[in-house]
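Chemist: The lines below spell out each chain.
Number of protein chains: 10
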Amino acid sequence: MLFHVRMDVNLPPAMPPAQAEELKKTERELAQSLQRSGQWRHLWRIAGQYANVSIFDVAGVDELHALLTSLPLFPYMQIQIMPLCRHPSSVRDGDA
Amino acid sequence: MLFHVRMDVNLPPAMPPAQAEELKKTERELAQSLQRSGQWRHLWRIAGQYANVSIFDVAGVDELHALLTSLPLFPYMQIQIMPLCRHPSSVRDGDA
Amino acid sequence: MLFHVRMDVNLPPAMPPAQAEELKKTERELAQSLQRSGQWRHLWRIAGQYANVSIFDVAGVDELHALLTSLPLFPYMQIQIMPLCRHPSSVRDGDA
Amino acid sequence: MLFHVRMDVNLPPAMPPAQAEELKKTERELAQSLQRSGQWRHLWRIAGQYANVSIFDVAGVDELHALLTSLPLFPYMQIQIMPLCRHPSSVRDGDA
Amino acid sequence: MLFHVRMDVNLPPAMPPAQAEELKKTERELAQSLQRSGQWRHLWRIAGQYANVSIFDVAGVDELHALLTSLPLFPYMQIQIMPLCRHPSSVRDGDA
Amino acid sequence: MLFHVRMDVNLPPAMPPAQAEELKKTERELAQSLQRSGQWRHLWRIAGQYANVSIFDVAGVDELHALLTSLPLFPYMQIQIMPLCRHPSSVRDGDA
Amino acid sequence: MLFHVRMDVNLPPAMPPAQAEELKKTERELAQSLQRSGQWRHLWRIAGQYANVSIFDVAGVDELHALLTSLPLFPYMQIQIMPLCRHPSSVRDGDA
Amino acid sequence: MLFHVRMDVNLPPAMPPAQAEELKKTERELAQSLQRSGQWRHLWRIAGQYANVSIFDVAGVDELHALLTSLPLFPYMQIQIMPLCRHPSSVRDGDA
Amino acid sequence: MLFHVRMDVNLPPAMPPAQAEELKKTERELAQSLQRSGQWRHLWRIAGQYANVSIFDVAGVDELHALLTSLPLFPYMQIQIMPLCRHPSSVRDGDA
Amino acid sequence: MLFHVRMDVNLPPAMPPAQAEELKKTERELAQSLQRSGQWRHLWRIAGQYANVSIFDVAGVDELHALLTSLPLFPYMQIQIMPLCRHPSSVRDGDA
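Protein chains in written order, with the UniProt record's numbering: chain A, 1 to 96; chain B, 1 to 96; chain C, 1 to 96; chain D, 1 to 96; chain E, 1 to 96; chain F, 1 to 96; chain G, 1 to 96; chain H, 1 to 96; chain I, 1 to 96; chain J, 1 to 96.
Looking at chain A on its own, in the form it has when it is part of the complex:
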């Protein structure tokens, strides 16, 4: 099941750089692990923004919510979710 997720990151200016770096490093490792497992199907940077557009491929809403809230940057992100489904004009059956 596919979900379109936009994440905008806002780190507080007062956060010590070391803490920010640690957060980003852990975030990156988890993001890459979820990409390799196939759950985080696409991950793109929006040009000029500290934000991304992602496609998640999960078994359901609970799994999606569990993944998102497990992200180290979750407390600093604004997240918008749109459920997706197959487009009748798509040439691919499982366009993940």
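Hints in this document: simulated from the structure, not taken from any laboratory.
Among the hints, a few may not be true.
Unchecked claim - Calculated lysine-lysine pairs in the BS3-like style (CA-CA distance at most 30 Å, straight line): (1) C:24 to B:24; (2) I:24 to B:25; (3) H:25 to J:24; (4) E:24 to C:24; (5) G:24 to I:24; (6) J:25 to A:24; (7) F:24 to D:25; (8) H:24 to F:25; (9) I:25 to G:24; (10) G:24 to E:24; (11) J:24 to A:24; (12) A:25 to D:24; (13) C:24 to E:25; (14) G:25 to E:24; (15) F:24 to H:24; (16) D:24 to A:24; (17) C:25 to B:24; (18) H:24 to J:24; (19) B:24 to I:24.
Please build the complex by placing chains B, C, D, E, F, G, H, I and J on the supplied structure of chain A, with the hints as guidance.
Modeler: Okay, now just chains B, C, D, E, F, G, H, I and J, sitting in the frame of chain A:
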């Protein structure tokens, strides 16, 4: 070069059904042709909306604009474009 | 899987009353059938609006989209969807 | 009488974790007590958000306001209320 | 129970003047009857707008919805409702 | 002359409780005095919000501005004003 | 008493040109008469818009509303009103 | 050349009162000097807001920008500019 | 003097194609003439939109307004204007 | 390839002036170097705002994103990007 495109379709209620069907049929054929050529990389329906989220993979902005304005439904669509780039945490080099 | 759906209805003023009545009647029959099958779990009128808030309990996004687009009033509705999940403070396991 | 309530929580980043935990714990106990009394009829997490959608079943607006302002997280929440009523197509008389 | 209601009226430009006058006349009679019964407690014109701000004093949400949808201009109005309650600094117990 | 005023209060989280209480106490006393003088004609709490809807009955805009800026909470409030006039369907001449 | 008024004009595209011209002519005559009487103190075109910013100097809200609704273009205008008062840094006592 | 300028002031709550007073005093002196020179043609307080509406009469955009950025409160203001021109229905040639 | 202008075009769907073509042809000729005279300094299409971003270099606001309202498509355009001035970091004195 | 970029700068009020000056100085040097290389084709100040409108001429989205994120003020800017293409009515082939 990747672009995130959202298209919302609004056909005028007074359009004769035959004309609407003809428009949609031509649109579908062109959309499928562009998917096969690799320019229209992804095409998803937004659940509950007469709208889609698409990823285009084109040589540049001019090609993107030419593709979008060639769509039969273009006069009836509201279109929003976001340029995308590779995310530093992506595990794939060319995540099209 | 639960989804929160808000539907705002806008019938064109020029629609003949008989056609509007027929649409609403078919809509009501389908809505009641889907409530009885358990897929349309809740249906409330928003006070003072020609709009409703609904909770759907479906197997996934595709089923939700199929249900919504099968509604006779679908072409005349603006629809917003929010995926829901179990709240950690809920006292009920399956709060449908 | 049913009211649709959306609550978005924003804890200040500088709040000490122990204070936040204590607030959440007290909030959870009160939320569960109000669910058991039947006043807080439904409580769902909005996926990907520190926010919930709730249905309250109360005797009137004063009772609703008293409940909401008694929540320990009230000073940190943005709250939107929509009065609901029975939908003419609902198959249930008292769809709480 | 008090509700704050804002109504913005939009009559279609193509409506024949006689029909518009008849609608407004019936609306006025009903509005005055509801004011006399005490249910429509206040009715003010917003300066420069074809819109009003009203205070309704009703037994509950169902009665409010029934009143509003019975108005002849209801199909041509955009309505926003805010539930009100007694303000702790009010000097009057029942400030209707 | 009637004015519809909405006030949303935002006290800074870092304000010492004693200072907040003192502000609210002085605000309440002034609000009650202005209600008794007839200038602050109505004062209602918006349910679920730290906000109120008020009706002021003043000699003109200067008096209204002087009253609002004299409120102890003024520096912490967002204020929206709408001038009101008699509604042609009102049954009361001076509906204050 | 001064009020800041912004008027945006939207004539329906289907209005016959002769009717539009007649409306504008009558509007202009009334606008000029109200400027000469001192009630319509300033009248400026917003560059690039079919819209104006105006300053009215009237005895009160009722007079303002009566003036605005007497304008021939009133049914085709969107109007926003802001009450003004003397600025403490103004060098003129009656800055109309 | 006339420009319509709206300025909303937001002083940080933590600013020491003496500093705020000094800023406002210098602002007032400059504002009055610019009014006397004819560049700051009108200055009105928006009722209930820490905001003003102003009309500037300057030789061009560069002069306007230089004036605005020279204001002591500039770093604490949100500014919106609309270029104005003579309205065809104005009775005054140079309606400054 | 430079102004940033965004124009969004909305031709009514019912306009006969011949009339639309004639309008666009006259518009193009005038746009090109104004570019050659140096008043319409830049003209870019916004990708995927029936809209443009333009830079005008004119003697003042009156000239800008006269140019814009002389465009054949003016009645069908939504126009937003932002006055520009030289940026202190620009390497060019007259960056038209 | 042309991109329209708007940048709004928000320096935190608590930033020490020396740090702010250093940031702005480095920003200016980089901005001027990018203008001389032809990548930052235009740079205008929006009147009355701490904001600019810029036109970038780059090989693609990746180059644009790399340039923007290399700016010293990037962490303090809100950035909006619109891809541009040649307008059919432009008199210049390469209107950079």
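Chemist: Next, verify each hint and record whether it holds.
Modeler: Quick rundown of the hints versus the structure:
1. With a CA separation close to 27 Å, the supplied pair residue 24 (chain C) and residue 24 (chain B) stays within the 30 Å bound.
2. Proposed proximity of residue 24 (chain I) and residue 25 (chain B) is supported: the alpha carbons are some 29 Å apart, at most 30 Å.
3. With a CA separation close to 29 Å, the supplied pair residue 25 (chain H) and residue 24 (chain J) stays within the 30 Å bound.
4. For the proposed pair residue 24 (chain E) and residue 24 (chain C), the alpha carbon gap of about 27 Å is at most 30 Å, so the pair holds.
5. The hinted pair formed by residue 24 (chain G) and residue 24 (chain I) meets the criterion: a straight-line CA distance of about 27 Å does not exceed 30 Å.
6. Straight-line distance between C-alpha atoms of residue 25 (chain J) and residue 24 (chain A) comes to about 29 Å, which keeps the hinted pair within the 30 Å bound.
7. The hinted pair formed by residue 24 (chain F) and residue 25 (chain D) meets the criterion: a straight-line CA distance of about 29 Å does not exceed 30 Å.
8. Under the criterion of a C-alpha separation no larger than 30 Å, the hint pairing residue 24 (chain H) with residue 25 (chain F) is consistent with the structure, at around 29 Å.
9. About 29 Å separates the Cα atoms of residue 25 (chain I) and residue 24 (chain G), which keeps this hinted pair within 30 Å; it holds.
10. With a C-alpha separation of about 27 Å, the suggested pairing of residue 24 (chain G) with residue 24 (chain E) holds against the 30 Å cut-off.
11. For the hint pairing residue 24 (chain J) with residue 24 (chain A), the CA-to-CA distance comes to about 27 Å; that is within 30 Å, so the pair holds.
12. Among the hinted pairs, residue 25 (chain A) with residue 24 (chain D) is consistent with the structure: their alpha-carbon atoms are about 29 Å apart, no more than 30 Å.
13. Proposed proximity of residue 24 (chain C) and residue 25 (chain E) is supported: the alpha carbons are some 29 Å apart, at most 30 Å.
14. For the hint pairing residue 25 (chain G) with residue 24 (chain E), the CA-to-CA distance comes to about 29 Å; that is within 30 Å, so the pair holds.
15. Restraint check for residue 24 (chain F) and residue 24 (chain H): satisfied, since their Cα atoms lie roughly 27 Å apart, inside the 30 Å limit.
16. Restraint check for residue 24 (chain D) and residue 24 (chain A): satisfied, since their Cα atoms lie roughly 27 Å apart, inside the 30 Å limit.
17. Taking the CA atoms of residue 25 (chain C) and residue 24 (chain B), the gap is near 29 Å; set against the 30 Å cutoff, the hint holds.
18. At most 30 Å may separate the alpha-carbon atoms for a hinted pair to count; residue 24 (chain H) and residue 24 (chain J) meet this at roughly 27 Å.
19. A threshold of 30 Å between alpha carbons decides the hint, and for residue 24 (chain B) with residue 24 (chain I) the separation of about 27 Å falls inside it, so the pair holds.
Of the numbered hints given earlier, the model fails none.
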